[in-house]
Amino acid sequence: MKKKFAFILAMLMAANPVMAASTNSLTKVVSIIEGTTISYDTTKVDNKTYYKHTVPDSDLRIQLQDVILDDQIFYINAVDSIFEKPAYASWALGEDVYTIGNNIYDAKDNQIDDFLIDTDTYSIKWISETQLEVTLKAGDILYRVPLIAKATTGIPTLQIDETGTILTGGNIRLANRPLLKYGLRANVSSRTVLSTEGYGPLGTINLKENLVSALSGKTIKLELEPDSGLEFSKNQTNTGNDLIVKGIKGYARSIKEGAFNFIVDEIDSQIAYIQFPELTVGSGTSEIEISNIKVNAQGQEDVQLGNVMVEVSAVKEVQSYELLPDLKPIKLKIAEVQEDKVTISNQPTIEVIAGLTNDTVNVKIEDLTGEILSGKRNIYLLAEGARFLNGQEEIEIEVNEDEKEVKEINIDVNLAPTLNQNGDIKVIAQSRDFDEDIVTIVGTAVPSVKIETEQILLDRDTKPEPAGKIIINETMDTILKNGKIIAVKVEDLDIKDMDVKTKGIEIDHKIKDGVLLMQVTKQSKEKGQIIIENIKFDISRPAGIGNYELMVGGNALSNLNQDTYCEDYFEIENFVQVFQPKLEEEVKVEIQPMQNIKSKKIYCLWKNRKNSYSFPL
Numbered sequence: 002m003k004k005k006f007a008f009i010l011a012m013l014m015a016a017n018p019v020m021a022a023s024t025n026s027l028t029k030v031v032s033i034i035e036g037t038t039i040s041y042d043t044t045k046v047d048n049k050t051y052y053k054h055t056v057p058d059s060d061l062r063i064q065l066q067d068v069i070l071d072d073q074i075f076y077i078n079a080v081d082s083i084f085e086k087p088a089y090a091s092w093a094l095g096e097d098v099y100t101i102g103n104n105i106y107d108a109k110d111n112q113i114d115d116f117l118i119d120t121d122t123y124s125i126k127w128i129s130e131t132q133l134e135v136t137l138k139a140g141d142i143l144y145r146v147p148l149i150a151k152a153t154t155g156i157p158t159l160q161i162d163e164t165g166t167i168l169t170g171g172n173i174r175l176a177n178r179p180l181l182k183y184g185l186r187a188n189v190s191s192r193t194v195l196s197t198e199g200y201g202p203l204g205t206i207n208l209k210e211n212l213v214s215a216l217s218g219k220t221i222k223l224e225l226e227p228d229s230g231l232e233f234s235k236n237q238t239n240t241g242n243d244l245i246v247k248g249i250k251g252y253a254r255s256i257k258e259g260a261f262n263f264i265v266d267e268i269d270s271q272i273a274y275i276q277f278p279e280l281t282v283g284s285g286t287s288e289i290e291i292s293n294i295k296v297n298a299q300g301q302e303d304v305q306l307g308n309v310m311v312e313v314s315a316v317k318e319v320q321s322y323e324l325l326p327d328l329k330p331i332k333l334k335i336a337e338v339q340e341d342k343v344t345i346s347n348q349p350t351i352e353v354i355a356g357l358t359n360d361t362v363n364v365k366i367e368d369l370t371g372e373i374l375s376g377k378r379n380i381y382l383l384a385e386g387a388r389f390l391n392g393q394e395e396i397e398i399e400v401n402e403d404e405k406e407v408k409e410i411n412i413d414v415n416l417a418p419t420l421n422q423n424g425d426i427k428v429i430a431q432s433r434d435f436d437e438d439i440v441t442i443v444g445t446a447v448p449s450v451k452i453e454t455e456q457i458l459l460d461r462d463t464k465p466e467p468a469g470k471i472i473i474n475e476t477m478d479t480i481l482k483n484g485k486i487i488a489v490k491v492e493d494l495d496i497k498d499m500d501v502k503t504k505g506i507e508i509d510h511k512i513k514d515g516v517l518l519m520q521v522t523k524q525s526k527e528k529g530q531i532i533i534e535n536i537k538f539d540i541s542r543p544a545g546i547g548n549y550e551l552m553v554g555g556n557a558l559s560n561l562n563q564d565t566y567c568e569d570y571f572e573i574e575n576f577v578q579v580f581q582p583k584l585e586e587e588v589k590v591e592i593q594p595m596q597n598i599k600s601k602k603i604y605c606l607w608k609n610r611k612n613s614y615s616f617p618l
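Terminal number for the sequence shown in the numbering used here: 618, no gaps in between.
Simulated from the structure, these hints should not be mistaken for lab results.
Remember, it's a predicted structure, so these values are computed and weren't measured experimentally.
Take the hints with a grain of salt, since some may be wrong.
Restricting the straight-line Cα-Cα distance to at most 27 Å, the calculated cross-link-like pairs of lysine-lysine (DSS-like) are [what the hints assert, rightly or not]: (1) LYS408 with LYS365; (2) LYS247 with LYS257; (3) LYS317 with LYS45; (4) LYS502 with LYS482; (5) LYS365 with LYS295; (6) LYS485 with LYS502.
Kindly generate the complete structure, drawing on both the sequences and the hints.
Okay, here's the thing in structure tokens:
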């Protein structure tokens, strides 16, 4: 019986060998676009295309659990990519090869038909442009097979067919998103305004790499439209405030002043070239911003009004019209010629939380000609959608009469929106010398909380039952801070009792002088919610027929509020409606939207109460 059991066990083990699964990955993420060759270069000369193997840009890393005892033969299939036969021939021979038509030749002009990439640990046999046969030789546990491929389109992927082996199959992506066609993208990140005199800087050109080092050593060509009446100013040196080049992310530390050459075409002054030096790339997507490119009018006449367009392309060299495939030529609006006037702009664009935060922006008032702002005059700044933090209704700017040709005024303003101010924040400039007010949108005010209510309907002649609901929703986590107070008051009615529930936030609460006071004891980690319902009022005498407002304030919601009064608060109209119903009248409950705050100041919390409340609760 024991012999029979041993025999059966041996048969089972033979039929089910232990599988030594593998972990497959790339040793390095490669930067690719359509047409990128990986681990080899190509050069076309006349009717020949040369293939040169390089050090591997990346390897297919195969890590096994155990040393393999037998050679393992598997297949790699290419999706959205190809395996070019001449590239594998170059790797197999260890030298450059070239093709004429479909034939491959070595450096001695011998035609090559059969070849094999063969090493001590693996071999690669080219089968077709979409398939390789790879042999892992027995005796090792870790293998690195060079990645040799050309990206074509879509999302290039290697499919590992492990059938009949102890390896793990699957797909390995060479890119995380569909491939882009060009190595560079160009756009204008900011535009300028030029006067009809034609002199001044163009806007900011942003060049972003889709392929690592696509800008390094390149020549970028800029061309103005022939009928623009403008030409590039000569002798721009990339020093000081002249031709500013800024590196972003991967190029943030590799840009040096004076390293970029700006050259105006010898024949056509509407064409200029920017020569890029060899650049060192850091981490992150690399970008370069080019600003302060100066232009002037071609002649004595004024420049026509309208858009200023520039075509951006990559060329082989200065004075060359031979385009490189790295950048698709693109026409961009980079400036606008306008009538002489005053403009206003700001930097940066801010986002502030209504009632709780403030921020500073630099407001720039520009006079294209220097005539409107020159001489003694006053300019007044007003805020819309926020208030000036210093409490002023307006800010006065005095221009000295001794100043001649004032073209620019800069001033920093600190803006703080109140609770009801949500949306665009504007700064408005006024002066008797302006044809009209000039406006710039400097930022956005976002709400700290959103309030939902369920209206309370009270029968004047009967005892009121608990009713109504107030929901206070944080718009983001930790808005309501520990120790801060939310105060809830109903106009001319004293709150006697209610139910309070919370989600994601913890509070203590009490009623003082008919006002519900809630103190945050544990602020939220995610957006919190406070629910107040079943509200009961202390009505010692019948309330007057009409509508009563709900007011929600406190220093948790606005920095303008203090312990003893609320200057800044939400006001929801018609929260309570007292009526004298007719017989058989149907009573309906309506959901009321949040109303805007009113600007009046109410001391001692609300309605000029002489007594104040104290904290902690």
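How the hints compare with the structure:
no.: 1; hint: LYS408 with LYS365; in the structure: holds (10 Å)
no.: 2; hint: LYS247 with LYS257; in the structure: holds (9 Å)
no.: 3; hint: LYS317 with LYS45; in the structure: holds (15 Å)
no.: 4; hint: LYS502 with LYS482; in the structure: holds (18 Å)
no.: 5; hint: LYS365 with LYS295; in the structure: holds (20 Å)
no.: 6; hint: LYS485 with LYS502; in the structure: holds (17 Å)
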